[in-house]
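Going line by line, the protein sequences match chains R and H.
The first sequence: position 436 = 1522 (our numbering), numbered continuously.
The second sequence: position 54 = 84 (our numbering), numbered continuously.
If you are wondering where the hints come from, they were derived from the structure by calculation, not from laboratory data.
Do not rely on the hints blindly, as some may be mistaken.
As the list claims (entries may be wrong) - Residues of chain R clear of chain H, computed beta-carbon distances all greater than 10 Å: (1) 1277; (2) 1280; (3) 1284; (4) 1420; (5) 1476; (6) 1480; (7) 1497; (8) 1504; (9) 1508; (10) 1531; (11) 1557; (12) 1559; (13) 1629.
Stated by the list, open to error - Restricting the straight-line Cα-Cα distance to at most 30 Å, the calculated cross-link-like pairs of lysine-lysine (DSSO-like) are: (14) 60(H) to 1413(R); (15) 1365(R) to 1137(R); (16) 121(H) to 182(H); (17) 1497(R) to 69(H); (18) 256(H) to 1497(R); (19) 137(H) to 121(H); (20) 1497(R) to 182(H); (21) 1413(R) to 157(H); (22) 157(H) to 1497(R); (23) 1551(R) to 60(H); (24) 1625(R) to 1497(R); (25) 137(H) to 1513(R); (26) 121(H) to 1513(R); (27) 1513(R) to 157(H); (28) 121(H) to 1497(R).
No experiment lies behind these values; they were computed from the predicted model shown.
Think of the CB as a built atom: it goes at the ideal place given N, C-alpha and C, for glycine as much as any other residue.
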Amino acid sequence: MRLRARLALTLVALAVPLVGGAVWLRAEMSERASIQGLVDYARLRMVSGGKEACEDSPTTFQDPPLPPRARDGGPLGDFDPLGPPGERGLARDLEPRDFGSRGVDSRPAGARDADARDPNRRAPDMREPDARGADVDRPDRRGLDPREFDPRGPQMRGDRRGRGPGIGPGPRVELWAYGPDFASANPRAPKFPPELRSTLEHGRRDAGTIADDDDERTTTVAARMTWSEGPCAMVIVRRREPRPGDGVLVDVVAAGLLASVLLGGVLAAVGPIVRRVRKLEDSVSHSAATNYSETVSVEGSDEVTDLARAFNAAGATVRTQIDAVEKRERTLRSFVENTTHDVMLPLTVLQGHLTRMRNELSRGATPERETVREALEESHYLASLVQNLGAAAKLESGEPDVRRDPFSWNKLVERVILRHKTIAAEKGVELDYAVPDEDVRAAGDVTLVEQALSNVVHNAVRYNKSGGHVAVLLSANDGRFQVRAFDDGPGVPEVELARIAERSYRTDVARARHPDGLGLGLSIAKDVAERHGFELELKRSEAGGLEVEFRGPQLV
Amino acid sequence: MLQRIASFLVDAGCVDCPKANETSASVTAKILLVEDDEKLGIQIVEHLAGAGFQTAWLRDGFSALSAEPQGYALLLLDLMLPGTHGLDVLKRWRERSDLPVLVLSAKQDAAVKVRALELGADDYLTKPFWPEELLARVSARLRRPVLTRGDKLEVGPIAIDLPARRVHVEGRELELTPVEFELLLALARRAGAAVSRAWLVENVLDPEREGNERTLDVHVSRLRKKLGTQSRRLATVWGVGYRLSDESFVAPTDTSGKAPSSAPSEEGST
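Go ahead and model the full structure; you've got the sequences and the hints to work with.
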C-alpha cells in the first residue's frame, strides 16, 4: 500500500470511531442532562406549592392545571410548554446553592449569554404561565431568573423556534402526581410507565426515558419526592418537543469536516516526504544499476537523509565485496594464464631431455649424466614454479592478513633442506643446515614461509656450481628467530640486490625464467616476509655468494 | 614380526644389533601406506622396499579407517582419499595409537597442514617429493634414539661413559680434556646432525675462559687427532659447524690426514 493511502486509511479508521464516540457521548450527556433537568423541575415544582395543591385536590391535580376551557378535554391538552416558571425563584430561596448552581452548570455558556443579552425575549415565556397557573406561582414570581432553570432541556436552549407558540411549536411539559403504589388519584393521569416503575422499585430515586417517534421527542421522568406518604409521593413529568434530529447531523457534519481538514493537512504534510522517498528510490535504483559505484545523493537532515546514508554504507560494503571478488577472479585468471605459460616452457625442456635419453638408450648408448641431471632439475624447477605461482596468487588475492598459525622453524628448515637435497647432491652442491636442540617457533602461514625459504635455498643451489656449498642456520636470541641461508656461489651484484628489495613479483611473473633467475622466487620471499612482519636482509655472504636472512619474533 | 618390531623400538641402540648399514637396521619396520593413486602408490612401495622397508598399502579411506594400527612402525597418509578425508583417518588413528604419522599432501593449503598437525600428524610431505626425500623423512621418523642404555652413549664404535666421563673407540680409551669430552658429547647427543659453531662456542667451551670459534676449531682439531681411525666421523660442515656421523660404517681416515670436510659420505642419499 502506498504511503498516502496508508495514512488516509489510518486517519479514517481512527476518526470514524472517534467522531461516532463523540457524537454518541454528546447525545448521551444531553439526554442525561435533559432527564436530570426534568427531575429537578419536578422536585422543585412539588416543593414550591405543588405538594399542597396536589394534596388539596389529588383527584384533579396536574400541572400545569387543566385550563377551564379544556377541562373536558384530554390530559394532553395544549399546555404552555414552559409550564409555570414562578416557582423557580422560590426554589432558589429554598435551596439556593444546590439548585441554583446545578441549573447554571447544566446550561451551555453561549445560551446563557444569549439570554442575558436579550432578557426581553424570555418575557413571553414567563408571562404565559401567569395566565394559566396563577393559582400556584403568582406570589413567588418576583426575582425569577429565567436563566436559572429551564425544564425544556438543554437542546431547546437557544433554539429560537422553541420560544413560544408565536414562533413555532415549543416543548410541552406536563406533571402528574402518584401515590406510593404508583397509582394516581387523578383519573386523567396516564398509567405509570412500567420500565420507570421497575427502576424506582429497585431503589432509585428517579428515572427517565427518552423516546422518539416520527416528529416528536417525548422525555418522561419519574421521581420520588422527599416524602413517601400521600397521593403525591411520586411524580411523572413528561415533556414533548419537536424531534431535534438535525443536532446530531450537525455534529456528524462538523466532525466530518474537521476530520477532512485534518486529513488534508496530513496528506499535504506527507507530500514532500513522499517526494523525498521517491527521489531516494530513484537514486538507489541508479546506484544499484551502476554496481554501487555511484553513491546515493544525501541531502537534508531528517530520517530520509539517514536512510540515504545507510544505503550508501550498505552500497559501499557491497562494492567492496564485489571488488574483492572481481580482484580474486582476475588473480585467478592471470594465475591460470601465467601458470600455463610458465609451466609449458620447463615441461617442453623436460620433454626434450627425456627424448634425448630415450634416443641415446635406443642407440644402445648410456644416457649422459648431464642430461639426466638437467631433467631432474627441470622437474624440480617445475614443482617449485607451480608452488610459487600458487603462493603469488595467494599473496595477490588481497586477503588482508596472512594466517598466524604457530609453526616450528626447526621442522620447516629440515623440510626445505630435504626438499632440495636431491638436486643439490645431483649437482654436487653440498647443502647442509643446523638447528638448535630446542624448538624455535613462530607464527605465520607455514606454506608461504616454507615457500619463501625454499625459494632462497633453491636459488642458492640452482646458481651454484659443482663443489659449491649452501648452508642454512637457524638460531634464536632474545625472543627473536634468525634464519640465515648463504652460499659460495656467484653471488648477486649490489645493484641487483637493491632491485630485488624494491620490486615485486607482480612485475616478474612473466619473466620468471629470466636468466638472472632471482625474479619470482626472491620477490615472493620478500613479499612473504613483509606480510608476516619478518625482516628480510639480502647481502653478500662471507664466501662471496648471496646471504639471505629472515628475522622475526619468536613464539614462546 | 611383532616381536622384532618391538625389539627394534625398545632395544634401539643395543650393542649387539647387526649394523651393516643404516637401512638394514630398518628392515624390521613395517610401514602402512594409505594412497589412492595407483602409480604413485606403486612407486612409493618400490622405493620403500628398495630401502629395506616393508609396506602395506591401502587404497581408500574406508579400509584405512578400519585398519588396525598394531604391527606398524609408521603411517604414510595421503589426505585426498576417495570415500573419506585423510584427516578423518588421522583422527581415527590418533584415537587408537601413537604411531608416527607422515602426511602426504598435494595441497598448498596451510590450513589443512596445520589441521593435520593439530590432529597429531608428526609432519607432512608436500607433493611433488623426491623418492630420496621420502626415504630421508621416513628414516628420520624411524631413527633410533641416540641414547642409550643406562649411562652409555654410542655412536658407531665410539662409546661414551657418561658418569665416568670416559670414551672408548673400538675398545681403546681416549685421553680427553674436559672441553674435548664435552665437545664430543654434544656432537654425539645429536649424532648425524650438524651442530653450529656458535652453539658449540656458547655451550661447550669453558665460559670462564676467552672462547671463540677459532678456539673451538683448535679443540676440534685435537679431538679429531685423538679419534684416530674414526676421525672422519667428526666432519666439518661448510658454513655450519661440525657433525659426528652416526652411520654404522665410515671408511677409516687415511693416514695422510686429508681434510674431512669435503667428504660427503654422511649423505646417505647421494
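* Non-conforming hints, listed in increasing numerical order -> Numbers 5, 6, 7, 8, 9, 10, 11, 12, 13, 14, 15, 16, 18, 23 and 26, in rising order.
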